[in-house]
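**Q** Each protein sequence line maps, in turn, to chains A and B.
Under this note's numbering, residues 1 to 302 are what the first sequence spells out, in order.
Under this note's numbering, residues 1 to 318 are what the second sequence spells out, in order.
One or more hints might be untrue.
Said to hold, decoys possible - Derived lysine-lysine pairs resembling PhoX-like cross-links, with alpha carbons at most 25 Å apart:
hint: 1; chain 1: A; residue 1: Lys107; chain 2: A; residue 2: Lys198
hint: 2; chain 1: A; residue 1: Lys107; chain 2: B; residue 2: Lys309
hint: 3; chain 1: B; residue 1: Lys99; chain 2: B; residue 2: Lys177
hint: 4; chain 1: A; residue 1: Lys270; chain 2: B; residue 2: Lys15
hint: 5; chain 1: A; residue 1: Lys217; chain 2: B; residue 2: Lys99
The hints are simulated quantities; they were obtained by calculation from the structure and are not laboratory data.
Since the structure is predicted, the reported quantities are computational estimates derived from the model, not experimental observations.
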Amino acid sequence: MSNKRVVLNTKNHKLMIHETATSYLFMLPFMIFFVGFVLYPMFMCVYTSFFDATMGREDIFVGFANYVQLSKDPVFWKGLWNTLIIVLVSVPVTCAFSLWVASAISKMPVAATSAFRCIFYLPVVTGSVAVTVVWKWMFNNYYGIFNYLGNNLGLFDERINWLGDERFALGCIIMILLTTSVGQPIVLYVSALDNVDKSLVEAAEVDGATQMQAFWKIKWPQMMPTTLYILVITTINSFQCFALIQLLTSGGPNNSTMTIMYYIYYNAFKLYKYGYGNAMGVILAIIIAILSAVQFKLGQEK
Amino acid sequence: MNNQNHLDAQAARSKAYTIFSYVVIIIIAFLFLFPLYWILTGAFKTKQEILATTPVWWPSEFVKINFENLMSKRSAPLFDISIGGWAVNLFGYRFSFAKYVIAGPTVPAAMRWLVNTVFMAVTSMIITCITSAMAGYVLAKKRFWGRGILFSLIVCAMALPKQVILIPLLREMSALKLYDTIWAVIFPIVGWPFGVFLLKQFAEGIPTEMVEACRIDGASEWRTFTDVMFPMIKPGVGALAIFTFINSWNDYFMQLVMLTSTKNLTISLGIASMQAENSTDFGILMAGSALASVPIIIVFLIFQKYFTKGITMGAVKG
């Protein structure tokens, strides 16, 4: 109603010019930062991916050479593969775990709900560096508590070098990643569960539906938009998993924890191959865009 | 009768399940708290206790040695402000301004890192809130040419991974002579469109009549914004403020790429660089981690309510 009136008013050409001018004045401070430090770098990312670019000399145009080289780079494929493993494990586990926790704690008294919500969010707030440093200690083969507990509970005898062993390193990374990624989904699910139409749930219970039925038939469909959003953000976050790898393993041992994000960092900021790193960035962005689009499509069909 | 038994059994089963899930969640919650507990106690343990192969669950006595070691490692001025240091040619005359540097007293580098981090988080928070409130207001309440395109640009930019722009950003900052200054971290945070998106959603909930009434009463556009709109979207701005503060505090990748010299590091970056130097002196690392995480955890606990609101508001219609 109110929106319609504005549209009618602005049919007046002069008023529209005035509105546009003032609007852009209001947008200006944000636009300076947005265009200068987000849009322009995004454009440059695509543009530079067609150049052989490094420090201290002019860029040389090479066409698709960076992309061709990328397709032949075994470390890139290894990184892509590891990234996919991380995403395929952490996204479903994060979603399922946070849904379960949220549905359990949302039935508790308000104080308990918010206390648990806080606790599960703490690893995010603590910051990736502090979290990684303490996990590094806990995984240490001599002084770490994992080996102590494992040895004393009789699970294994030797002192395992968790982060230095090809068999375990990626698993350890995924485990830490999980603790830092369930916080936001839990907050979102708790509020989504609060917003579910209570009368429908009560009606179903009166009709003799079990709690399980009430959950899957009534609450779950209503929370679909939240689930969709959570799927998208956890996918993006898992793709961008970087600090853990840079601080714990640097992609090793033997590239077993190499991810695309770390390989971009390694190429760009250790080898100064800016063009090559940007080409990888473009590929990563395309993959994420496609995955988000697919998730949205699937979510809308349901 | 039979039916009644069936219902009772069902109720008992669901009650048992509830208790079971509570117990499991409490156990998991302890596991989530454990790393933080390990940081806080580890910071006060002696070297022997830290390097004990049998973990010491509670320090036998709280020692300050780790903090003293952390503080004695490196030093930097508490702050330094430089003015000038540039020259222009105007109509053949050369105007030059010598560089004046005002430097604070020399303190342990960790103190300087805390100063840097707080300055960075507060500055990005303030600028982000002002620019996002202004942009969010017009995107929600005004109909102007290019509005649709602008908004789709904002949404698209948000869906793309932030980190892929770091390489071009680094070169841009070098060209602007902002590389290795705290501004190189602040500006991209301000440019990130999440805040605009959030406050646009919030401003849409404010009745348009309010804005129109104000206009009819003859208030200028700016007055309409500052006196009517801004107070009404204040809860949204609060949520955005705390959200930006915590996220910029922990935005490690950007800081890692942009900041290099000792006096310009942030606290988490400083801890990371110490980790590279003394990778098994966990005492120092825990002391540093405690210093980096305790302030932000306190901020989070105080403003928790606004923070969760910020997260959920961003998701609505996301």
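**Q** State for each hint whether it applies.
**A** To see whether the hints hold, each was checked on the structure:
1. A:Lys107 - A:Lys198: holds, 13 Å
2. A:Lys107 - B:Lys309: holds, 19 Å
3. B:Lys99 - B:Lys177: OK: B:Lys99 and B:Lys177 at ~15 Å, within 25 Å.
4. A:Lys270 - B:Lys15: violated, 57 Å
5. A:Lys217 - B:Lys99: violated, 70 Å
Hint violations for this structure: numbers 4 and 5, all remaining hints satisfied.
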